[in-house]
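Engineer: Chain D is fixed; fit chain S onto it per the hints.
So the protein sequences, as listed, match chains D and S. Start counting the first sequence at 876; every next residue gets the next number (the numbering used here). Start counting the second sequence at 876; every next residue gets the next number (the numbering used here).
A hint or two may mislead.
Where chains are identical, the list cannot tell them apart; a pair therefore holds if satisfied intra-copy or between any two copies.
To be verified - With a straight-line Cα cutoff of 25 angstroms, these simulated SDA-like cross-link-like pairs (lysine to any residue) come out:
(1) K1095 x E1216
(2) K993 x I964
(3) K947 x V970
(4) K993 x Q1102
(5) K947 x E1231
(6) K1095 x I964
(7) K1012 x V1228
(8) K1134 x Q1177
(9) K1134 x Y895
(10) K1134 x T890
Honestly, the hints are just simulated from the structure, not real lab data. Remember, it's a predicted structure, so these values are computed and weren't measured experimentally.
There are 2 protein chains.
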Amino acid sequence: VKEAAARLMDGEQATVALQYHPTEGYLPLRQMLATQMQDLGVPCTAENILITSGSQQSIDLLGKVLINPGDKVIVEKPTFLGFLQAWGIYGADFVSVETDDDGIIPESLAAALQQGIKAIYLIPNFQNPTGVTISAKRRAAVVALADQYGVPLLEDDPYGRLRYEGDALPPLMAYDVRHVSAGGDGPLSEGNVVYLGSFSKTFCPGIRIAWACGPTEIIKLMTQAKQGSDLHTSTFGQMLTYEVARDGFIDVHVARLIKAYRARRDLMLHLMDKHFPENVSWTHPKGGLFLWVRLPEELDAQEVFQTAIKRNVAFVPGQSFFPDGGGKNTLRLNFSNAYPELIEEGILRLAEVLSEIVAPVS
Amino acid sequence: VKEAAARLMDGEQATVALQYHPTEGYLPLRQMLATQMQDLGVPCTAENILITSGSQQSIDLLGKVLINPGDKVIVEKPTFLGFLQAWGIYGADFVSVETDDDGIIPESLAAALQQGIKAIYLIPNFQNPTGVTISAKRRAAVVALADQYGVPLLEDDPYGRLRYEGDALPPLMAYDVRHVSAGGDGPLSEGNVVYLGSFSKTFCPGIRIAWACGPTEIIKLMTQAKQGSDLHTSTFGQMLTYEVARDGFIDVHVARLIKAYRARRDLMLHLMDKHFPENVSWTHPKGGLFLWVRLPEELDAQEVFQTAIKRNVAFVPGQSFFPDGGGKNTLRLNFSNAYPELIEEGILRLAEVLSEIVAPVS
Chain D
876 VKEAAARLMD
886 GEQATVALQY
896 HPTEGYLPLR
906 QMLATQMQDL
916 GVPCTAENIL
926 ITSGSQQSID
936 LLGKVLINPG
946 DKVIVEKPTF
956 LGFLQAWGIY
966 GADFVSVETD
976 DDGIIPESLA
986 AALQQGIKAI
996 YLIPNFQNPT
1006 GVTISAKRRA
1016 AVVALADQYG
1026 VPLLEDDPYG
1036 RLRYEGDALP
1046 PLMAYDVRHV
1056 SAGGDGPLSE
1066 GNVVYLGSFS
1076 KTFCPGIRIA
1086 WACGPTEIIK
1096 LMTQAKQGSD
1106 LHTSTFGQML
1116 TYEVARDGFI
1126 DVHVARLIKA
1136 YRARRDLMLH
1146 LMDKHFPENV
1156 SWTHPKGGLF
1166 LWVRLPEELD
1176 AQEVFQTAIK
1186 RNVAFVPGQS
1196 FFPDGGGKNT
1206 LRLNFSNAYP
1216 ELIEEGILRL
1226 AEVLSEIVAP
1236 VS
Chain S
876 VKEAAARLMD
886 GEQATVALQY
896 HPTEGYLPLR
906 QMLATQMQDL
916 GVPCTAENIL
926 ITSGSQQSID
936 LLGKVLINPG
946 DKVIVEKPTF
956 LGFLQAWGIY
966 GADFVSVETD
976 DDGIIPESLA
986 AALQQGIKAI
996 YLIPNFQNPT
1006 GVTISAKRRA
1016 AVVALADQYG
1026 VPLLEDDPYG
1036 RLRYEGDALP
1046 PLMAYDVRHV
1056 SAGGDGPLSE
1066 GNVVYLGSFS
1076 KTFCPGIRIA
1086 WACGPTEIIK
1096 LMTQAKQGSD
1106 LHTSTFGQML
1116 TYEVARDGFI
1126 DVHVARLIKA
1136 YRARRDLMLH
1146 LMDKHFPENV
1156 SWTHPKGGLF
1166 LWVRLPEELD
1176 AQEVFQTAIK
1186 RNVAFVPGQS
1196 FFPDGGGKNT
1206 LRLNFSNAYP
1216 ELIEEGILRL
1226 AEVLSEIVAP
1236 VS
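Chain D on its own, in the form it takes in the complex:
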């Protein structure tokens, strides 16, 4: 970052980096991202890309553009808290759809779509909070259903590049057959999917650079909304991110992250297998940051949290990820953000707490 900032400030574009900029974002960065999206199977151009201040802002702008109070919005059960907060402000009425280890269940989605739905929000890869990935077969089914009902589908994909095993799946956006049939080299003008990508997990979250990729019409509406929201994302931050990305640093960095996070995930899963009580279960994520723990039905993760925190180990109780209630006996663990020694210490302490509660000393 230091070197990139120095190059930027020494270069011809130094004054551009400190000035006002068009709302759409820095064109070379948008072009780079359009090429990346093409590589993922999405035929698009820079016109389909809007740079935003984190994907949280893409979510907010889409809420501003799409949602009126009372509009029904489908989410995975459970789903990302930041989405519920952002769209809750716009008065969205959330409809949670059941998921399993292959992601959202198409039959349940089809049933929910009959309620008159305004939008669908999905995290296809290594979901927050569950760590689950939507299978290839279900991706096709989900996109076909959005198409059949003509419902906008938000594909939030901050974790997709952090895969520790198995092959990458195309984004939902690549499954929209109308893109393929559209042909031509111009910008993408049709489709239901808006893809949200981010540098927060592949580079750093503190500079707040993300992007939305969608059909031109929705990108234009988001751009208008963004103009009123904050004029544009930091020019300096965009150009710095481009400077860091264009020499291949992010690819190198992601390879490093994958190695480190995979080891941490494996360690955490291994320790959980070894030390957690038998009637506690959890997901085995193939990537991302999170795994999801299910305690016996009668337990309340909030109460477990109170006990755990006294031994200086914390987690996120799962209840707040369920807008319709439920999930009292669930919790989220993050395997990516602690060093192995701390993971070991934390899981051992948590196992102790769980063992006492789940199978108390008789």
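Structural biologist: Then chain S, alone, in the frame of chain D:
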């Protein structure tokens, strides 16, 4: 900026700068701004400061928090376009109040307040678009009226430090007697005014760092809204701005800007005096970036623009600054953003166009 970025990345806080951050903003920056606000006569603490991504975002967050469709909002006639765009999205119904060379007219404001008003938006110093400043006497009157009617008052002050003549006036927020009577050293908990400050005109606009200063309750609501909007403003951008500001660079830079912009203003005013037709009038701003031109009533600045643009000289026709219509014969000039040679060339060409239109060759 290059040096500040290098210091930041070499320092102990380098990883903090690249990480997620609390929504409220970087504490040392908030503390520095609270001290600045105290120096302006506003008794506040860092708890009264929220860092935002440009003042445009402060405006947006306040709209999100305060405005429901149909709510009446008082603005100066004319007013800042970015405000109309941002609050227009939330369905605000704008009520324009007359202004003269001393700013908004208190008697007209008092009359408008009887309509049931949700908020007042004012730019007290070197207003955009007119360049006019609200006098000390009127500041006291305006704040007293907001207090009497219990209406939130947004004080948007991006230009206040760019003063080229006369003494600085306290911000509207300093006139709120309840602040003075509150006493104590804690955060400000009462008052109607929310002050919006920005680094965009004193440092640079491209990094998008601004702040809102207000009573704790409204700052908390804005912080909640910001969390849903973009989590937080770039940590890197905030820390970089702090790094640039804390060694006094911005004070030095502002002194330089004042010298340069004053000369440009004087040059533009001098050339207009000399070359513009007699029945065209304009404001004489004591600071800021803009001056405001009034053509004879029967002229349409849009049409003048079409002629001027053919000679490669542009300006902003005034009509869009009037939400209730009117202002056809007005236009905004920016004296700050062109080198003297270009100001000379531009004003001469514009004078030519105006002379042909206002007093056509017989």
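Engineer: All the hints need checking, so say for each whether the structure fits it.
Structural biologist: Here is how each hint holds up against the structure:
Taking identical chains as interchangeable, the C-alpha atoms of K1095 and E1216 are never at most 25 angstroms apart, the minima being 48 angstroms within one chain and 38 angstroms between chains. For the identical chains of this complex, K993 and I964 are neighbours both inside a copy (16 angstroms) and across copies (19 angstroms), given an alpha-carbon limit of 25 angstroms. Only within a single protomer do K947 and V970 lie at most 25 angstroms apart by alpha-carbon distance; the minimum there is 7 angstroms, versus 34 angstroms between protomers. For the identical chains of this complex, K993 and Q1102 are neighbours both inside a copy (24 angstroms) and across copies (23 angstroms), given an alpha-carbon limit of 25 angstroms.
When the C-alpha separation of K947 and E1231 is checked against a cutoff of 25 angstroms, the pair qualifies neither within a copy, at 42 angstroms, nor between copies, at 60 angstroms. In this assembly of identical chains, the alpha carbons of K1095 and I964 lie at most 25 angstroms apart whether taken from the same copy (22 angstroms) or from different copies (15 angstroms). Taking CA atoms no more than 25 angstroms apart as the test, K1012 paired with V1228 passes in neither setting, with 40 angstroms inside one copy and 67 angstroms between copies. With identical chains, the CA atoms of K1134 and Q1177 are never at most 25 angstroms apart, being 33 angstroms at best within one copy and 61 angstroms at best between copies.
With identical chains, the CA atoms of K1134 and Y895 are at most 25 angstroms apart between copies only, with a shortest distance of 22 angstroms across copies and 39 angstroms within one. In the homo-oligomer, the alpha carbons of K1134 and T890 lie at most 25 angstroms apart only across protomers (20 angstroms), although the nearest pairing inside one protomer, at 38 angstroms, exceeds that limit.
In summary, the structure is inconsistent with hints 1, 5, 7 and 8 from the numbered list given earlier, while agreeing with the others.
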